[in-house]
Amino acid sequence: MTRVLVVDDEPQILRTLAINLRARGYEVATAGDGAEALESAVAHPPDVVVLDLGLPDMDGSAVIEGLRGWSSVPILVLSGRSDSADKVDALDAGADDYVTKPFGMDELLARLRAMVRRTAPASPDEPAVSFGDVVVDLAAKRVTVAGAEVRLTPTEWHLLEVLVRQPGRLLGQQQLLTEVWGPGYETAQGNLRLYMAQLRRKLEPDPSRPRYFRNEPGMGYRFEP
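Numbers 865 to 1089, taken from the numbering used here, label the letters of the sequence shown in order.
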């Protein structure tokens, strides 16, 4: 059973999410502030975290950083903030996906399912892919640049994995969105642009002039090793 830790200071949202998740077979733990969330995660490590950014005792990004100090658990951020800078800050801190309040329960559940799928173990026989100073170990789900490990979020990893498995092939925007985010995200080009920018920042020698992850305007992306 997948264990979900839901963190929000609004009791009604906590209750609604807990009821809906349990009805769909998830094991649910809840927390009303950041300190309680971190304590719960240490005592009973979750498989996925749903986290509100606006907590009473600390900013949600601080909770993300606290979790990332020892865990790679997928983190889905909830927030009433619509500013894209808040999204980038949360992703930079280590979040994997972002839903803006008010949100639809079906959308949130679809994103949770996609995040859980992306963290499933890989086969030990998977090969490594190298380009430039980058080595992508598909079996270990590990990336190094010039020998130094680079941490990717589960969403970044899944996008990278889809691209490097099909070198030289143009992958359409809709195809990538469906493969990485799941059905219902075929028109979420903003998600794709944001995560491609994150990958380039971490793996390209010059992110402003991408060499390996090329964009075909209006069509999609191509991995050129």
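One should not assume that every hint holds.
What the hints assert, rightly or not - For lysine to any residue, the following SDA-like pairs were computed, each having C-alpha atoms within a straight-line distance of at most 20 Å:
#1 K1066 to L1056
#2 K965 to N1055
#3 K1005 to K965
#4 K1005 to F995
#5 K1005 to R932
Simulated from the structure, these hints should not be mistaken for laboratory data.
Going down the list of hints, with the structure as the test:
1. At roughly 15 Å between alpha-carbon atoms, K1066 and L1056 fall within 20 Å of each other, so this suggested pair holds.
2. For a cut-off of 20 Å, the pair hint linking K965 to N1055 stands: about 17 Å separates their Cα positions.
3. Of the supplied pair hints, the one linking K1005 and K965 is violated, its CA atoms being roughly 32 Å apart against a limit of 20 Å.
4. For the proposed pair K1005 and F995, the alpha carbon gap of about 16 Å is at most 20 Å, so the pair holds.
5. With a CA separation close to 16 Å, the supplied pair K1005 and R932 stays within the 20 Å bound.
Of the numbered hints listed earlier, the single one contradicted by the structure is hint 3.
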